[in-house]
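Produce the complete structure using the sequences and hints provided.
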Amino acid sequence: MSKPVLEIVGVSKRFGTTVANDKISLSLAQGEIIALLGENGAGKTTLMSILFGHYVADEGQILVDGQELPQGKPRAAIRAGIGMVHQHFALAPNLTVLENVITGTQSLWSPKLRRSDARTKLLTISERFGLKVDPDARLGDLSVGEQQRVEILKALYNEARILVFDEPTAVLTQTESERLFATLKDMAAQGLSLIFISHKLDEVMSAADRVIVLRGGRHVAERRTSETSKAELAELMVGRTVTRPVREPSTPGDVVLEAAAVTIRSDGIDRLKAVDFRLHAGEVLGIIGVSGNGQHVLAQLLSGTRSKTAGDLLLYGKAVDKLSVADVVSAGIGRIPEDRNKEGAIGEMAIWENAILERVKAFSRGGLVDRKAAVAFTQTIIDRFDVRGGSPTSRIRLLSGGNMQKLIFGRNLINRQRILLAAQPARGLDEGAVAAVHERILEAKRQGTAVLLISEDLDEVMALADRIQAIVGGRLSPAISAEEASARKLGLMMAGEWTSEVPHAV
Amino acid sequence: MSAAFDIIASAGLWAAVLRIATPLILGTLGALLCERAGVLNLGIEGIMTFGAMIGWLTVYNGADLWIGFLVAAVAGGLFGLLHSLLTVTLGLSQHVSGLGVTLFASSFSYYVFRLAVPVAGTPPTITPFQPIAIPGLSDLPFFGPAFFSQTTPTYLAILLALVLAYVIFRTPLGLAIRMTGENPHAAEAQGINPMVVRYGAVIIGSALMGMAGAFLTLAAFNSFFPTMVQGRGWICIALVVFASWRPVRALLGGLLFAFFDGFQLRLQTVLGGAVPYQLFLMIPYILSIVALALMARRARVPQALMQPYRRGER
Chain A
1 MSKPVLEIVG VSKRFGTTVA NDKISLSLAQ GEIIALLGEN GAGKTTLMSI
51 LFGHYVADEG QILVDGQELP QGKPRAAIRA GIGMVHQHFA LAPNLTVLEN
101 VITGTQSLWS PKLRRSDART KLLTISERFG LKVDPDARLG DLSVGEQQRV
151 EILKALYNEA RILVFDEPTA VLTQTESERL FATLKDMAAQ GLSLIFISHK
201 LDEVMSAADR VIVLRGGRHV AERRTSETSK AELAELMVGR TVTRPVREPS
251 TPGDVVLEAA AVTIRSDGID RLKAVDFRLH AGEVLGIIGV SGNGQHVLAQ
301 LLSGTRSKTA GDLLLYGKAV DKLSVADVVS AGIGRIPEDR NKEGAIGEMA
351 IWENAILERV KAFSRGGLVD RKAAVAFTQT IIDRFDVRGG SPTSRIRLLS
401 GGNMQKLIFG RNLINRQRIL LAAQPARGLD EGAVAAVHER ILEAKRQGTA
451 VLLISEDLDE VMALADRIQA IVGGRLSPAI SAEEASARKL GLMMAGEWTS
501 EVPHAV
Chain B
1 MSAAFDIIAS AGLWAAVLRI ATPLILGTLG ALLCERAGVL NLGIEGIMTF
51 GAMIGWLTVY NGADLWIGFL VAAVAGGLFG LLHSLLTVTL GLSQHVSGLG
101 VTLFASSFSY YVFRLAVPVA GTPPTITPFQ PIAIPGLSDL PFFGPAFFSQ
151 TTPTYLAILL ALVLAYVIFR TPLGLAIRMT GENPHAAEAQ GINPMVVRYG
201 AVIIGSALMG MAGAFLTLAA FNSFFPTMVQ GRGWICIALV VFASWRPVRA
251 LLGGLLFAFF DGFQLRLQTV LGGAVPYQLF LMIPYILSIV ALALMARRAR
301 VPQALMQPYR RGER
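Chain order of the listed sequences is A and B.
Following my numbering, the numbering of the first sequence begins with 1 at its first residue and continues without gaps.
Following my numbering, the numbering of the second sequence begins with 1 at its first residue and continues without gaps.
Hints are computed from structural coordinates only; laboratory data are not their basis.
There could be a bad hint or two in this list.
[Claimed, not checked] To give an idea of the interface, some chain B residues facing chain A are shown, with a C-beta separation under 10 Å as derived from the structure:
| id | residue |
| --- | --- |
| 1 | Tyr-166 |
| 2 | Phe-169 |
| 3 | Arg-170 |
| 4 | Pro-172 |
| 5 | Ala-176 |
| 6 | Asn-183 |
| 7 | His-185 |
| 8 | Ala-187 |
| 9 | Ala-189 |
| 10 | Ile-192 |
| 11 | Asn-193 |
| 12 | Arg-300 |
| 13 | Val-301 |
| 14 | Gln-303 |
| 15 | Met-306 |
| 16 | Arg-311 |
[Stated by the list, open to error] Covered stretches of chain A, going by a simulated chain B footprint (3 or more residues, C-beta under 8 Å):
| id | stretch |
| --- | --- |
| 17 | 67-78 |
| 18 | 92-106 |
Bear in mind the structure is a predicted one, so any value in this text is a computation, not a measurement.
Backbone N, C-alpha and C define an ideal beta-carbon position, used for all residues, glycine too.
Next up, the structure:
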């Protein structure tokens, strides 16, 4: 292997009493892709923030081409050829693509912004790496995948030779992720060196040459991907063996929710087109599909935040025309929303407040909130559902994604629900939390709850669902049973190819 | 109807419009610059009052009119520094801090004024800026007296609007300011220090507010009295939104408001007998609200406006 372009030597960083990084060392060669693998809170992002000058390390140094990099200075990092693609994009939606890319690249005291040179350079780079963008588009009008391309182009425009991607696929759909990894490999082939942060084993195995595993702020292992396995990495990452639970066959009960030719139209577009499904008690019905194909509208319909335009919806055998959120709550429909930070929880409010939000009435006494009862109720959820990292009175924002999700599950399942709507329940969670979430879903099913699982993760749907329907462009395919399902078949269904298949009897 | 037409056709109206518009244009540009960097500056009303007072006082004590103007700008900049300390370094609420600056600067103006000038029946006066004749243009019929017989600060304000538009949209510095107002984290990731940008924008923006105030005592009028700013600062804050954060539209917005104001003043003299004159005083404000409602709905607010920036926090 050639001389390393980047070396991180013995870097430590403490925040108060928490040790975020403990003497971490790593090196990166030219043209190499390494993955920093670790659960949330393992110290990956802290390490990369030190590299990029957002933080100053308490000890240790960073060498680029053998030269020490001054710390705490993003500008020095940019000049040394380090580029960062942030998980939460560092972009301004109201500015154009070109403006986003060239901010700070020309002397601030120069009397004129040189746009046309900049545009030429941007287009050359975008051509070279196959990252197509319109320089004059307003950034906010682009899709998330396109915005990420702009973020990458920004780094390349600054002549970055070392690129860091912070959880690049967290916000992408599956297709977008595949494209991204193709681009990454192309970039490495052209001599760039890449580090990507991830907790997803599949992408680490398929995209990286080498994996560095962090746990609890320490460098615990280093493997070449050709010499390791997903199982080994999972164990190294979590520190113990984690196995995701798998469904057992069961006999479903009565139909609790049925949709017949339900259509939802808004702004002149059919968001859902004559969809049919039947959900039985004690089963998991998986709705699989690439994000943006109508899942969100379907979830809104069943959460009472959007009403149908046509078709019939039968809840416990009775036709319902319009569902309000209050109806949904009293009908015993639990909801795990797709975006837990925006729809699932109110970050600045206490955990106990979040826990009782939809049943404030049950915790009211004489017009006042019975705080003691609410806190006790929340403590029960915390104990039963193993929520770690906060007491009932701490703000929910301080919980990690996995623990926040456990709390949301607890809030929904502590009083047994008749129906549970789970939209992308494991998105963005680390391996341990995914296993916990899956176990909760299967447990609910065993207790007779009807679960509607909306997901774009093939493994997740195949592990949990008893029957599977694909959603494509607002249409639902007929259901197939878990026994019939295979990755290939589901892949075809997700691409909209189900017409030739004989619909399976429901 | 013909009364209205007569008013509009008079050169005097248009000369007044430009004069009334000048402090509005300067103040709006100042507030706009602060907001482009992501800082709401409600200190404007007080800073204008202080600028009016200190500019006048400087000239009253024998200094040149331009020195008075400059002193007002520097004083405005210092209040900007105070507002930056509170909102940028300490990250306090921009609303509350701005109102605090306004209350402080206003009261401080009266205090300094009372210390420096003994109570008198008629307030003391200075010789203000005089209209300058622009060779060739000032002699034109109608247009000459209407548009080309103004004081130098008025021309300066118009020029400043164009300069600020150029800086904001055509220079790397302007892009850095806009990026800071949209997403300071992104600015930082590109090696720009958003704190420094915000300090600079607020200080210079506040200096413009100080000049806006000074225009009132040094050009529009010749003496200072404590209530003379009369809510013009708040009008400027509204004009920033009306202008969708664009300097040239701020210029037009200032002129439009001044037109309403000049028009109602003349309408009072024509129709004053029929209804109480206070009705006419309301007209510009009502029309401004209507114009704001029509214009500002599509405006794109700087995304990081009123959000304190803290390093390393998202």
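Here is how each hint holds up against the structure:
Against a cut-off of 10 Å between C-beta atoms, the interface hint on Tyr-166/B holds, since the closest Cβ of chain A lies about 9 Å away. Nearest Cβ of chain A to the Cβ of Phe-169/B: about 8 Å, under the 10 Å cut. The hint holds. Annotation: Arg-170/B was flagged as interfacial toward chain A, and the flag holds, the nearest CB pair being 6 Å apart, inside 10 Å. With a least beta-carbon distance of about 4 Å to chain A, the hint placing Pro-172/B at the interface is held under the 10 Å criterion.
Using the Cβ-Cβ criterion of 10 Å, the hint placing Ala-176/B at the interface with chain A is satisfied: the shortest such distance is roughly 6 Å. Given hint, Asn-183/B at the interface with chain A, holds; its Cβ is 4 Å from that chain's nearest Cβ, closer than 10 Å. Given the 10 Å rule on beta carbons, the hint for His-185/B holds: about 5 Å separates it from the nearest Cβ of chain A. The restraint placing Ala-187/B at the interface with chain A holds, with a minimum CB-CB distance near 7 Å, inside the 10 Å limit.
Because the smallest distance between the Cβ of Ala-189/B and any Cβ of chain A comes to about 4 Å, under 10 Å, the interface hint for this residue holds. Of the supplied interface hints, the one on Ile-192/B holds, with its beta-carbon coming within about 5 Å of a beta-carbon of chain A, less than 10 Å. This hint holds: Asn-193/B has a C-beta 9 Å from the nearest C-beta of chain A, less than the 10 Å allowed. Taking 10 Å as the C-beta contact cut-off toward chain A, the hint placing Arg-300/B at the interface holds, the least distance being around 5 Å.
For Val-301/B, the interface hint holds, the least distance from its beta-carbon to any beta-carbon of chain A being 8 Å, beneath 10 Å. Annotation: Gln-303/B was flagged as interfacial toward chain A, and the flag holds, the nearest CB pair being 6 Å apart, inside 10 Å. At a threshold of 10 Å, the smallest CB-CB gap from Met-306/B to chain A is about 15 Å, leaving the interface hint violated. Hint status for Arg-311/B relative to chain A: holds, with the closest Cβ pair at about 7 Å, below 10 Å.
Judged by the Cβ-Cβ criterion of 8 Å, the stretch 67-78 of chain A is covered by chain B as claimed, because 3 of its residues qualify and three suffice. Restraint check on the stretch 92-106 of chain A versus chain B: 11 residues with Cβ-Cβ distances below 8 Å, three needed, restraint holds.
Taken one by one, the earlier hints fail for this structure only at number 15.
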